[in-house]
Every structure is written in C-alpha cells, then in structure tokens.
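Protein chains: 2
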Amino acid sequence: MPLIPFNIPFLTGDEEPYMLDAMRSGKHCGNHGWGMKCIQHMKEKYGFHEVFLTPSGTAALEMGAMLGGLEPGDEVILPSYTFSSTANAVVLQGARPVFCEIEPNTMNIDPDRIEELVTPKTRMIIPIDYAGIPCELDRIRPIADRHGLTIMLDAAQSFGSRDRDGSWCGSATPLATFSFHETKNIGCGEGGALVVNRPDWVERAHFLQEKGTNRRLVLDGVRSKYGWVDKGSSFLLADILAAMLYAQLQHAEDIAARRKVVTDAYFHLFAPYEKAGHLRIPHPPQGVTLNHHAFFVIFNTSDHRQRFLASLRQWNVNAYIGYVPLHSFDKGRKLGYRAEDLPITEDLGSRVVRLPLYAGLAHDGLPYAVDSMSAVLKELYAE
Amino acid sequence: MPLIPFNIPFLTGDEEPYMLDAMRSGKHCGNHGWGMKCIQHMKEKYGFHEVFLTPSGTAALEMGAMLGGLEPGDEVILPSYTFSSTANAVVLQGARPVFCEIEPNTMNIDPDRIEELVTPKTRMIIPIDYAGIPCELDRIRPIADRHGLTIMLDAAQSFGSRDRDGSWCGSATPLATFSFHETKNIGCGEGGALVVNRPDWVERAHFLQEKGTNRRLVLDGVRSKYGWVDKGSSFLLADILAAMLYAQLQHAEDIAARRKVVTDAYFHLFAPYEKAGHLRIPHPPQGVTLNHHAFFVIFNTSDHRQRFLASLRQWNVNAYIGYVPLHSFDKGRKLGYRAEDLPITEDLGSRVVRLPLYAGLAHDGLPYAVDSMSAVLKELYAE
Chain B
550 MPLIPFNIPF LTGDEEPYML DAMRSGKHCG NHGWGMKCIQ HMKEKYGFHE VFLTPSGTAA
610 LEMGAMLGGL EPGDEVILPS YTFSSTANAV VLQGARPVFC EIEPNTMNID PDRIEELVTP
670 KTRMIIPIDY AGIPCELDRI RPIADRHGLT IMLDAAQSFG SRDRDGSWCG SATPLATFSF
730 HETKNIGCGE GGALVVNRPD WVERAHFLQE KGTNRRLVLD GVRSKYGWVD KGSSFLLADI
790 LAAMLYAQLQ HAEDIAARRK VVTDAYFHLF APYEKAGHLR IPHPPQGVTL NHHAFFVIFN
850 TSDHRQRFLA SLRQWNVNAY IGYVPLHSFD KGRKLGYRAE DLPITEDLGS RVVRLPLYAG
910 LAHDGLPYAV DSMSAVLKEL YAE
Chain E
550 MPLIPFNIPF LTGDEEPYML DAMRSGKHCG NHGWGMKCIQ HMKEKYGFHE VFLTPSGTAA
610 LEMGAMLGGL EPGDEVILPS YTFSSTANAV VLQGARPVFC EIEPNTMNID PDRIEELVTP
670 KTRMIIPIDY AGIPCELDRI RPIADRHGLT IMLDAAQSFG SRDRDGSWCG SATPLATFSF
730 HETKNIGCGE GGALVVNRPD WVERAHFLQE KGTNRRLVLD GVRSKYGWVD KGSSFLLADI
790 LAAMLYAQLQ HAEDIAARRK VVTDAYFHLF APYEKAGHLR IPHPPQGVTL NHHAFFVIFN
850 TSDHRQRFLA SLRQWNVNAY IGYVPLHSFD KGRKLGYRAE DLPITEDLGS RVVRLPLYAG
910 LAHDGLPYAV DSMSAVLKEL YAE
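Chains as they are written, first to last, in the numbering used here: chain B, 550 to 932; chain E, 550 to 932.
To be clear, the hints were calculated from the coordinates, so they are not data collected in a lab. Possibly wrong hints are sitting among the right ones.
It does not matter which identical chain is meant; a pair holds if it fits inside one copy or across any two.
[Stated by the list, open to error] When the alpha-carbon atoms are kept at most 30 Å apart in a straight line, the in silico DSS-like pairs for lysine-lysine are as follows:
#1 Lys809 x Lys670
#2 Lys927 x Lys576
#3 Lys594 x Lys774
#4 Lys594 x Lys927
#5 Lys774 x Lys883
#6 Lys592 x Lys824
#7 Lys594 x Lys576
#8 Lys670 x Lys576
#9 Lys927 x Lys780
#10 Lys780 x Lys670
#11 Lys809 x Lys576
#12 Lys927 x Lys883
#13 Lys824 x Lys576
#14 Lys927 x Lys774
#15 Lys883 x Lys809
#16 Lys927 x Lys670
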C-alpha cells in the first residue's frame, strides 16, 4: 500500500550547487553572499522595504516583537488558533497575549471581534495568514490606525500569496514574518525572515539582529569599533541555509503551481460534500491569490473528524488535526483563559483537518490520496 | 604581500558528503539524523548529560537562562569582558547583569571578586572561558553552593578544553553553552549547543527548545497530541548544519593540534618580551588542557597596543582589539555603570590584542605572520 506523508520538502535541484558554493566560499555565517542574494530578490520581487533573514519564523516573530517595542505589561491581540510561537514572541517580552476569535471561511482572525479586545494597554495586533490565505488587512488596518497599534503579520504560511489589491503578503504591514521551515512552501530546513516596512525601524533592526551591538555601523564605515547598545539576539541565518533558500525562492511560482494541482483536486473532491451540508472547505476572500500552502476541511462534528482521520490512516494517508488552540491548553489556562472563552475557536479547532499537501504530491501519489479520501468520505456519508 | 586574515574556517573535507546526505534525506529541520549523531558523539566523548543543538551560542545562552529559571528582578553575575550575548541572555529574561572584574592571567572572571557582588536577588553566575582557557570552577563552585546559585558556563570558546581534573569544559556545571559560529574551532557557520547536566531539567529543556510545546511527549509516545505548555523558542539547529558540525566534531583533535602549532609559535615569539617586562601573554592555570582557541597579548599601555596594531596592518596581518567591555558601552551605561566601576576590566580591555589564529595558518602563512609580528615588536621595543 502506498504511503502519503503529510509533507515532503520539495527540492528544485539547484540547492546542492548553491550550498556547495556557500561552503567553499569560506564565509558561512549570516548576512553573507547567498543571504544578500535572498534579501535582494525578496525586496525587488515582493516589494518589501527591508528583509532580515533569521534562524526561524519563531525568531522573526521575537525580533519583530522587540522591534515593535513591546514592553512588560503591554497587550497584544492575536488569534488563539495559531502556533505557539506567535504567542511566545509576546510572552518573551513580558507582554500579554489577548486571544481573538477566528472565522470559519479562512480560520483567520475575525476582524469584527478585534476592537472589543482593545484596551489602553494594547500595543500590537498579530494576525496570521492561516493556510496561506491572506487575512483581511483592509478591515484590520482601520482598527490599528484608530488605536495607534502596530500590525505585525505572521505570514509564516503565506509567502507568495497576494492580497486583493495585488500586494504580496508581508509587504503591507509595518512588520511581517515568514517561516522557511521544511514544512513550508519554500524552505531551508530551519529559517525565517522579518520584513521591516518602516524605514525608521531599520537601523535598530540591525542592532537587534547583531546581538544588540552596533556592528552594522562599523560595517557601514560610520564607527571604528562596535559595542553593546541594545538588547537583541543572534537573529541570523547561516549562509549555507541561505543558499538553499535562494534555490527555492527562484522556483516559488513553480512550487505554488504544483501545490495548486493538489488543492484543485481536493476542492473538486470535497466541494460536493460541502454542498450537501456535511462539511466546510476554505473560502478565501474574493480576489486574493493563494500560494496553496494548506487545504483544510471542517467537518460538522469532531466525531466525523476523528472517523475521517482514523479511516484515512488505514489507507496510509497522513492528515493532521491542525493547531490545538492556545487559549485552552496548559499555558493558555495559566494566563487565565478557559476553553469556553473562545467558543468559536474551540469548536472549529475540534472539527478541522489539514490534508497532506506538498509539491511532489502533484506527480506522485495524488490519485491515490484522492481515491483514499473519496472512499473514506463515501463510507462516512453513505446514503 | 601575503594577507593574514584574523580567521578562516577550517574544512575537514567531510562536510560536503555529510551535508549532501542531509539534503537528500528529505528531513532538513532540527533534531534529525545528523543532529542526533552530533548529540550522541558529544555525550559519549565529553561526558555531557544531555545536549541541545541550537541555532547559535547566543540562543544556547537564552535557552539556558530560561531553563535556569531567571525571572524579572533576578541578578546574574558575569564578567563585563565578554560578548554582548552573555549579558543579553540575562536582559531578555528581565533580569539584571551584575558585572564582575577579570584577572590578567586568563582574562577570565576573578573568583576573588564574585562573592562581594552576591545579594539576595542573585540567582546565577555566568563565567566564560575566554580564549578557550577554563575559568577556575573549583573556586567559583563553592561560592555558588554557599548561596544557592546556578552556574551556567559560557563555554562559547572552550569546546575541547579540559579543566585541571581532566573534565571537559561544559561537563561540570549544571548548564553550559557552546558556540559553533564560523569563528570558533569547530563550526557550522551559525550554531551552538546547550549542555544540561541536571537530569531534572531535561524535560523542560525539550519544551523550551520546541517553541514551548510538549511535542517531545508525543514523539516519545507519552501523549497523543501536543500543545502550548511553556514559554520557549525555536532553539533548533537545521540538520544540514548539524551534518557540517558532525564532520568538524570528528576532527576536533586534529583542529586543536593545528591551532597549537600557531599558539606555540606565538608563545615563543612573545615570551621574551614578557620576560623583558613589555607585555603579558596568557597564563592558564597549571594542569588545564587547551583547545588553542585564541592567543592574546596584553601590552603595557594602550598606546603600545595601537602602535602594534597599526604597524601590523602595514604587513597585511589582521589582529583584533577583542571585546569592548560591556559595562562601559551604551547599554552598560544605561544599566547605571560607569567605566571606573570596573577599572581592571577597563584597563585590560584597552591594552589587549587577539592575534590571528586558525587551523589553516599552521601550514599556510605562519612564518610570515610571525616574522611580521617579530619585526613590529623589534621596532616597538628597539633598544
């Protein structure tokens, strides 16, 4: 019986020569040749003002939280339906995550539920683009503007997606973060990036990235020696990983196109079941362009979800339950949350499944995966 | 004229096949095949209880600071003569770095000056092994024991050195951190490790490394799903970098032996000048075994240092001033320190030079480097 894993990183073929070049260059640390090529490419193609490659999407969120000026006592509004890193970036600054409900079309933050959470302590909003679907920035931005809040977009999953106005995800908020973890469309094993679209924040971003030193000013010839000027960390991506990333960046469209073959097949399989009222599939806002990072299905009951997952496992097809909402797991409860505080999130989180999705599936395994799911669905909803 | 850089990363020849294997394995993220080999190797050979590979030495310090339980308001004693990362790991927890003087034989923390800095708020001591020379743990440990303080050794520079009792640096304190930055003996561009020698801290270390989730318990079969249980970050090293690191680890002795050729040459060149009273060279404690990470020279005046550096530059030989003490640079001053608060550190820091040192220098450039320095010294101390 074939095995369909949840994810397989896609290799373009260019990774090896680029990485060997990085290795042989004798400059292996961060912000060297291949890293600079990645940064230049991202700025030119995607319209990002400045890009900092980081060791992970998690690190990018932390760097952004520092750069956004989060201080102990501040509050940050974010969905509970996200990865722990989004909330930890807040917690690590001594600030408090305030969890907002999501809506079922996209599993993204519900813009209608944000403003009621704003207090005098609120400093930042961190929406995420779940499954690569752009969150509704045009509805979030006015709230941020009204209350003087910084938006940091957690675009871990949405590299290469575009919003309704054609802007690339990550280009239209003061801060945005990407993940280049092997589970993402474009990856280098472990890696990430912080996009800084506020020119007045770029200098400090260099300090934060370079362990809180002003080394950048020495490299730029402004100072003759450098020292400790700020907090910070080593928010740098090794050049060998940047070389791998560059290979992937150059094939971003090809990778998205391959993934689209998979999401199209899933759409055609599941749409009739949605029409029959058995489940829901994603409904991105009209006019957005997707990177096809993920495809989710929301069953009508968590029992149906469990039966779908269990049956699919019999076929050796690996689907995944998605996030356990942050507010109702241990650390969320320690922050004072109860499951019933975000009933929509809790409910959706108990019914959603993410299907296997990777570029290679398009030409190896897709018919089997679809046939397996089709058989399971027929069994589940047998007339 | 030849050029002698300050550092060139040494390649053993095994990096490329190992990295290609990691690339082709399809598992590129942290804690996979090559990472596990590194960890196993370090535990077996060096006697570390548990090892966590991290994206940098900086990240290892941060993870250790969290694991050691630092909280806002705590105080941590560390030398001012260190890299900013040592202090930032403290600052990022909301704790306060308390800077201690160093002593000139090793540029390491002066054990006689630690206890006077202990207050009821003190929680941790972070000594560093400057230049790969083990700090005097047998004199620091009783102070920690008397006051219930955790020692986290910043062993960024001392991987492969051994203390007087034969124990490897990193094996004899509750926590220890290594850097595998390209400037270190053993490197992978950007990388590090946290050694956890307290068995009761290992489980939480896994949570901190995995973004504050208990994913580890799922991998171990203890839980069926994982969620958010703690703060934490993505303290993981990409497997491609771990593959590079493994190649280097296997050649650690060879690398140290090559570096020893260089430090021996420097010793023979500079010892007569020390005898004549012009300068000082390192005097490690009797009985330690060095990894020959660095060789420093403390001139009698900062003017002599500047003249030495300037003349050497004429020969295309790159030496380096070392650290700017943390307490007297911008961020240290913001913490309330003045330069005169640590006069010994301030004075030594203004007179020290680190000489170029890398494994490849042993067979390419050493005679030229030594001749250049010899000429400069003769000019500087012409009778």
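The hints, checked one at a time:
In this assembly of identical chains, the alpha carbons of Lys809 and Lys670 never lie at most 30 Å apart, being 42 Å within a copy and 57 Å across copies at closest. With identical chains, the CA atoms of Lys927 and Lys576 are never at most 30 Å apart, being 56 Å at best within one copy and 34 Å at best between copies. Taking the shortest Cα distances, Lys594 and Lys774 never come within 30 Å of each other, neither inside one copy (35 Å) nor across copies (39 Å). Taking identical chains as interchangeable, the C-alpha atoms of Lys594 and Lys927 are never at most 30 Å apart, the minima being 44 Å within one chain and 57 Å between chains.
For the homomeric pair Lys774 and Lys883, the shortest alpha-carbon distance between copies (19 Å) is at most 30 Å, but the shortest distance inside one copy (45 Å) is not. Taking identical chains as interchangeable, the C-alpha atoms of Lys592 and Lys824 are never at most 30 Å apart, the minima being 42 Å within one chain and 57 Å between chains. For the homomeric pair Lys594 and Lys576, the shortest alpha-carbon distances inside one copy (26 Å) and between copies (29 Å) are both at most 30 Å. For a Cα distance limit of 30 Å, the shortest separation of Lys670 from Lys576 qualifies neither inside one copy, at 44 Å, nor across copies, at 42 Å.
Taking the closest pair of Cα atoms, Lys927 and Lys780 never come within 30 Å of each other, the shortest separation being 57 Å inside a single copy and 43 Å across copies. In this assembly of identical chains, the alpha carbons of Lys780 and Lys670 lie at most 30 Å apart whether taken from the same copy (22 Å) or from different copies (21 Å). When the C-alpha separation of Lys809 and Lys576 is checked against a cutoff of 30 Å, the pair qualifies only between copies, where the shortest distance is 23 Å, while the shortest distance within a copy is 37 Å. In the homo-oligomer, the alpha carbons of Lys927 and Lys883 never lie at most 30 Å apart, since the shortest distance is 42 Å inside one protomer and 67 Å across protomers.
When the C-alpha separation of Lys824 and Lys576 is checked against a cutoff of 30 Å, the pair qualifies neither within a copy, at 56 Å, nor between copies, at 39 Å. In this homomeric assembly, Lys927 and Lys774 come within 30 Å of each other (Cα to Cα) only across copies, at 27 Å, whereas the closest approach inside a single copy is 70 Å. Taking CA atoms no more than 30 Å apart as the test, Lys883 paired with Lys809 passes in neither setting, with 40 Å inside one copy and 53 Å between copies. Proximity of Lys927 and Lys670 under a CA criterion of 30 Å is satisfied in neither setting, with 51 Å inside one chain copy and 65 Å between copies.
Violated hints, in rising order: 1, 2, 3, 4, 6, 8, 9, 12, 13, 15, 16; the structure is consistent with all others.
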